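Put chains B and C with the ligands on the given structure of chain A with help from the hints.
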Amino acid sequence: MWLIAGNTLREAARQRFFQFLLLLAFTLTFGARWLRDFNFGAPELKFLADCGFGAMAFLGAALTIAATAQLFFSEVDNRTALTLLAKPVWRAEFVLGKLLGVAALAAVFCALLTGLLSLVLAWREAELVRLLPDAVAPGGGVSHAMVALGGLMQWLRLLVLAAFTLLVATFAQSQLFSVVTGFLVLVVCHLQHLAQDAYVRAGSAAGLVASALISSVFPDFQVFQIADSLAAADLPATGDVLRVTLYALGYSAAAAGLAVVSFRRREI
Amino acid sequence: MGAPGPDGAAGTPPAIEIRGLVKDFAVGLRGLRLRAVDHVSFAVRPGEIFGLLGPNGSGKSTTIKLLLGLLEPTAGGCAIFGVPSGKVEARRDVGYLPEAPNFYRFLSGRELVVFYGRMCGLAGAALRQRVEEVITLVGLAGSADRRVETYSKGMLQRIGLAQALVHDPRLLILDEPTAGVDPVGSAEMAELILALKARGKTVLITSHLLGQIEDLCDRVAILDRGRLVAEGNVSELAGAPGRLSFETDALPSEEIAALRAWLESRGRRLESVAPARRRLEDVFRAHVGRGARSTEEKR
Amino acid sequence: MIYRLKKWLGLLASRRLITVAIVIAGLAATGVILSAIIAPARDSIRARQPALRLDAAGAGQGAALAILGGFRALVADFAWIRMYTIWERRDLPGTEMLLRLVTTIDPRPVYFWLNSARITAYDFPFWRVLAAGGFETVPEDVQRRLSHEQARSALRGLETAMRFHPGSVELWVERANIELNRLGDLNAAAESYRRAWELPGAPHYVARLRAEVLRRAGRRAEALEWLTRLHPTLPPADEGAAADVVLGRIRDLERELGVPKERSYRPPGARE
Ligand SMILES: Nc1ncnc2c1ncn2[C@@H]1O[C@H](COP(=O)(O)OP(=O)(O)OP(=O)(O)O)[C@@H](O)[C@H]1O
Ligand SMILES: [Mg+2]
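Sequence lines, in order, name chains A, B and C.
Each number in the working numbering corresponds to the 1-based position in the first sequence with 449 added.
Each number in the working numbering corresponds to the 1-based position in the second sequence with 886 added.
Each number in the working numbering corresponds to the 1-based position in the third sequence with 6 added.
I should point out that these hints are in silico values taken from the structure, not numbers from a laboratory.
You may find that some hints are simply not true.
Short derived list, chain C residues pointing at chain A, Cβ under 7 Å [stated by the list, open to error]:
1. G32
2. G37
3. I44
4. A47
5. D49
6. A79
7. L80
Over 10 Å on every C-beta distance to chain C, these chain A residues come out as not near it, computed from the model [unchecked claim]:
8. R459
9. Q468
10. N527
11. P537
12. V578
13. S592
14. S623
15. S653
On a predicted model such as this, the values are computed, not experimentally measured, just so you know.
Backbone N, C-alpha and C define an ideal beta-carbon position, used for all residues, glycine too.
Same shape as in the complex, but just chain A (with noise of 0.2 Å):
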C-alpha cells in the first residue's frame, strides 16, 4: 500500500506537478506586490491571506480531483493496473494507496503553499509596521498558528475531496465522467449548509427525505472555514478542530472503504 501510495506520488512529481507548484508560488508573490499598490493598511494582511486561501482552496480542489481521476485511470487505462493487481496485491491495498498518494500530493500542496503565505504575510506586515507604525493594533497582528491551522482545513477538504472523487472513480467507465462528478461533488459539498436549512424548512416528507438524504451522504465543507481570520483571538477552541478533524477523517475513511468495496466488484 506504501509502495502504490509512493508510486503514486513519484508519477504526479514526474508528471511535472511540481513546477505548477512553484509556478503558483510566484503567482501568488507578485500577486502580493501587486496588492501594495493599493496600499490598504492592516486589511490588506488579511487580503492576503483570503486570496492565499483562496487560491489554495480553488486549485487545490481542482489539482486533487484532476490527480485523483489521472492517477486512477492512467493506471486502469494504460493496462499497468493489471500487472500490478496480477502481484499478490489487494485491491484495497492498490485503492488505500491511490489515496495515500493524493493526500500526500495534498499536503504538500497545502504545506508548501500555507508556508509561503505565512513568510508573505510576515514580510509584508514588517513592511507595513515599519511603514505605519499604527497600522498594525497590537494584538491584531498575523497569527501564525491561525494560517497553519487554515492550511489543515484546507488539506482536510482536500483529503475529503479525493476520497470522494477515488470512490466516483472506481465506479465511472471514463476518467471525464470522474472529474465532472468531482467537481459536483464539490459544489454539493459547499451548498450542504443550504441543504441543511432546507431539511429544517423542509414542508413535504420527500424534501424531507431528499434533504435528510444529501446532508448525510455528503459532507458539509463549511465546516472547514474555521480558520478564516488572521487574529489570534479567533483561533477555534481545540475541542471544535478535533470534531473538524474527525469529521474529515470520518468521511474520508467511509468514502474510501466503500470505494475499496466498488472497486472489488470492478472488472479490469
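What follows is chains B and C with the ligands alone, placed relative to chain A:
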C-alpha cells in the same frame, strides 16, 4: 539462484486447474451479452510448458485474466497450485506478462522492476541482486536506466518478462510474449522459456503463431469462440504417426528415379521431392543475430 | 435459454444496484454518526459564518452568491479592489453598486463597512458637486443638501453594519465623526461618542472627543462632569489615556464656567 527445485512429486496439485469456466461480458446498452469463455476445463501439470492457442477473440486473454482473479467468472472456477483464483495467495507464485504490456512510463526500466519486486515482498540486497539478474536475463542491461516511455515494443515485452520473473515464481503466464518481438528476440525468448522449464518452472503461454508454440510446448489447448476444441500433447496432435520425411544432399534426377523405383519395389511410395529450404526465420537469425546483439550491448 | 439470459441480466443489474445502495447507505450512516460528532462545534462555526445577506441581493444574485460558498471572502476582496479602480474614475453609481455588493457578499470585515461609509459620506458629495458644475457654480445650499443626503446614506449603512457587529467601537466612532463633520449635528455626535465609549476596548480619545463636542455644543457643564468622572478611571502610566491632558481640560472648563477654587475638581491621591 535459490530457485526451488522442481517438485514433480505425485499428489501435488496441478499448477493450473480450470473447471467449467464461463465468462459473459455485457456489451452494448441493451444488456446484450457476449460469452467470451464457454465452459472451458483443462489442467496444467507442474513443470510443463502449456500452450493456449486460438484465433483472435477466442478468449485466451480472458481465460488468463480469470485465472489471475482480475475478472470474476460468471460460472465455474480456477485455481493456481490448488489455491482458488481471487485469493491473494493464489498470485504469490505467479509471474504474469499481459498482452501488449504497458508500464509506468515515468519510471526507468530498473525502477520498474524494483517496484514490482517490492510489491512481491522482496527488499534490500536480495532485491537489488535479483533485479540485476532478471534485467540481464531478458537482455536489457544496456537500457535499464532509460525511461520506459522510450522503449520499443520488443523492449516492453522484455521488461515485462523481467517484471514477471523478478520474484522467481513457480508459474509463469505469458500472454503473447512474442507479439511485436523480432525473430531473434523470439528465439531468445523461446530459449529463455526452455531454460526456465529446465529449472522446474511451469509456463502457460498463449499465441496464435503456431510455429513458435510448436517447438516449445509440451502440451497445448486450442480455443475457438470461447470453447475448448482440442487438447493434448504436441506430438500427439501435430505428429503424423506412421509417416517419415528426410532430407539429403541434392540428387540428380536419375538417382531420384532410382530411389523411387527402389521404394516401389518394396511396396512404398515416394510422395514428395522438393529442394530443401531453410526457414526464413533461420536465415534472418543467421544474418542479424550477432549484429543486433552487439549494438545492443554497445549502448 | 432466454430464461437463463434474463436471469443473468437480472443478476448483473442487481449487483450494480446493490453496490450503489451499499455506497449510499454507507455514506448516509457515516453522515449520521459524524453529524453527532460535529454538532457541538457547529454552532461556533455557524457563528463565524453570518448568513449571506440574500435579502439584500436579488434572488438570482442570491443563488450565485450561495454557490460561492467558501470563496466569499476572496470574491469580496476582489470586488473591493475592483471598487477602487472604479472609485479612481469617480464613477458614483458604479462605486456605490460595488460597495453594496462587497458588504453583501461578505459582511464580516468591519473594514468594508467603515470605508463604505467614508466614501459615501466624504467622496460622493464632492463628486456630485463636481458633476453639477463645480464648487464655484453650485449654490451653497445645494452643496449642503447634497452633503447631508450622502451623510444620511452613510449613516444608514453604518446602522446595517452595527447589526452585524454590535460590539464594534469603530463603527460608532465613524458614525459620530460623520454626524460631527458632515451633518454638523454636535448633539448626535456627542451621543454616538458616548455609545462608542461604553463598548469594551474603546480607546481613550473617544471619551475626550465627547467632552470636546459637548463643549462646542455649549453643554460645558455636562462636559466638565463627564471629564471629572472620567479622570479618576484613567491609568496614569498610559500615554494614550493622557490623564494630564484630561486634567488640563478640566481646569480650562472650570475657568470658563467660573467654578470657585474650593469646589474645583480634586484628582484622587492629590494632596492639598
Ligand atoms: N472487457 C471486455 N468487455 C467486453 N468484451 C470483452 C472484454 N474483454 C474481452 N472481450 C471480448 O471477449 C472475447 C475474447 O477476448 P480475448 O481478449 O480473450 O481474446 P483473445 O483470444 O485473447 O484474442 P487475441 O488473440 O486477439 O488476443 C472477444 O470477443 C472480446 O471482444
Ligand atoms: Mg489476447
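Against the structure, the hints come out as follows:
no. : hint : verdict
1   : G32  : holds, 5 Å
2   : G37  : holds, 3 Å
3   : I44  : holds, 5 Å
4   : A47  : holds, 4 Å
5   : D49  : violated, 10 Å
6   : A79  : holds, 4 Å
7   : L80  : holds, 3 Å
8   : R459 : holds, 30 Å
9   : Q468 : holds, 25 Å
10  : N527 : holds, 25 Å
11  : P537 : holds, 25 Å
12  : V578 : holds, 18 Å
13  : S592 : holds, 15 Å
14  : S623 : holds, 16 Å
15  : S653 : holds, 20 Å
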